Amino acid sequence: MSRLQSWPEPIIRVHELSESGIKKIPENFVKLPSERPSSITTLSSSSHVENIPLIDLENLNSSDESIRDETMELISKACREWGFFQVVNHGVSHELMANARSVWREFFHLPMDEKQKFANSPITYEGYGSRLGVVKGAKLDWCDYFFLHYLPEKLKDENKWPSLPISCRHIIGEYGEKVMKLCERLTKILSINLGLNEDYLHTKFGGDNERGACLRVLSNAIYKSIEHRVIVNSAKERVSLAFFYNPGGDILIKPADELVTEERPALYLPMTFNEYRAFIRTKGPCGKSQVESLKSPR
1 MSRLQSWPEP
11 IIRVHELSES
21 GIKKIPENFV
31 KLPSERPSSI
41 TTLSSSSHVE
51 NIPLIDLENL
61 NSSDESIRDE
71 TMELISKACR
81 EWGFFQVVNH
91 GVSHELMANA
101 RSVWREFFHL
111 PMDEKQKFAN
121 SPITYEGYGS
131 RLGVVKGAKL
141 DWCDYFFLHY
151 LPEKLKDENK
161 WPSLPISCRH
171 IIGEYGEKVM
181 KLCERLTKIL
191 SINLGLNEDY
201 LHTKFGGDNE
211 RGACLRVLSN
221 AIYKSIEHRV
231 IVNSAKERVS
241 LAFFYNPGGD
251 ILIKPADELV
261 TEERPALYLP
271 MTFNEYRAFI
281 RTKGPCGKSQ
291 VESLKSPR
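1 is the number of the first residue of the sequence shown in UniProt numbering; add one for each residue after it.
If you are wondering where the hints come from, they were derived from the structure by calculation, not from laboratory data.
Values in this document were obtained by computation on a predicted structure and should not be read as measured data.
Each residue gets a CB set at the ideal place from its N, CA and C atoms; glycine is no exception.
One should not assume that every hint holds.
In silico BS3-like cross-links for lysine-lysine, where the CA-CA straight-line distance does not exceed 25 Å [to be verified]:
id : residue 1 : residue 2
1  : K115      : K160
2  : K188      : K224
3  : K160      : K117
4  : K224      : K181
5  : K254      : K188
6  : K295      : K224
7  : K154      : K178
8  : K136      : K154
9  : K77       : K188
10 : K156      : K117
11 : K295      : K254
DEER-style ranges, computed between Cβ atoms [said to hold, decoys possible]:
id : residue 1 : residue 2 : range
12 : K156      : H109      : 35 to 41 Å
13 : S20       : R264      : 41 to 47 Å
14 : I192      : P10       : 22 to 28 Å
15 : E263      : H15       : 18 to 24 Å
Given these sequences and hints, build the entire structure.
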């Protein structure tokens, strides 16, 4: 990971930029033409949402075996064809999700002096930030973010957890607990669908510990890794809560031995999660080039 003690360029807070009345977006926020959203993003929201795999997890508790099997197959198909799916009846209440979004929205609207108390540095993501890439001239996303470690405890820095809003620490702690349980459940499902022991992925990901690319590698490309396609809305702000269920930093990520055959050799080189994360930390989000960098030369 980077050992830079200070950023190579002055930090620009996107919230301040968006409220400054600027007429032109600064060059370092302008994506290359090849990295810009395709014409698919111009589709109406209704037509786009209809295509997203929607999984009702409650069906896995059905007394009807055919419904359970059908739901497992829907998840398998979504992983193989999309690398993405939406879940409902997942065990995280709508009230808790709304409260989590609300406290973060409140935080980002606090005075800048208050937010700056939690500013991050090139050494770690943790805290209030506005850039991921540490190299000078890295292309930046049009967003501010707040990154926290929830688990393992040895990585969790309580000093980085916001003291305002007052309810933030409690709500995010409760939210993290519920989403962890959901991740553990989904991990078992994904393992079973690959024909592996149900605890395989949970163990591989460090037991008590951006999974998409890692799952693609572990599954030897049986599962897809969809590229992040969320774009900014010029008319209103958006608050997104991303929960990354990652491997331990020193765990070697490579195709599962059970999924490597003579007909389907290992498609990716072994790499620790820390090595993979350093790639992102240096250059910032680079779309498909991140997972492509792991491919075996064969």
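Hints and how they fare:
1. K115 with K160: 11 Å, holds
2. K188 with K224: Answer holds: K188 to K224 is near 17 Å, not above 25 Å.
3. K160 with K117: 9 Å, holds
4. K224 with K181: Between K224 and K181 the Cα gap is close to 23 Å, so the pair holds against 25 Å.
5. K254 with K188: 18 Å, holds
6. K295 with K224: The given pair, whose Cα atoms are some 14 Å apart, holds under the 25 Å limit.
7. K154 with K178: 20 Å, holds
8. K136 with K154: 31 Å, violated
9. K77 with K188: Status holds; Cα separation ~16 Å.
10. K156 with K117: 17 Å, holds
11. K295 with K254: 10 Å, holds
12. K156 with H109: 35 to 41 Å: 25 Å, violated
13. S20 with R264: 41 to 47 Å: 53 Å, violated
14. I192 with P10: 22 to 28 Å: 50 Å, violated
15. E263 with H15: 18 to 24 Å: 52 Å, violated
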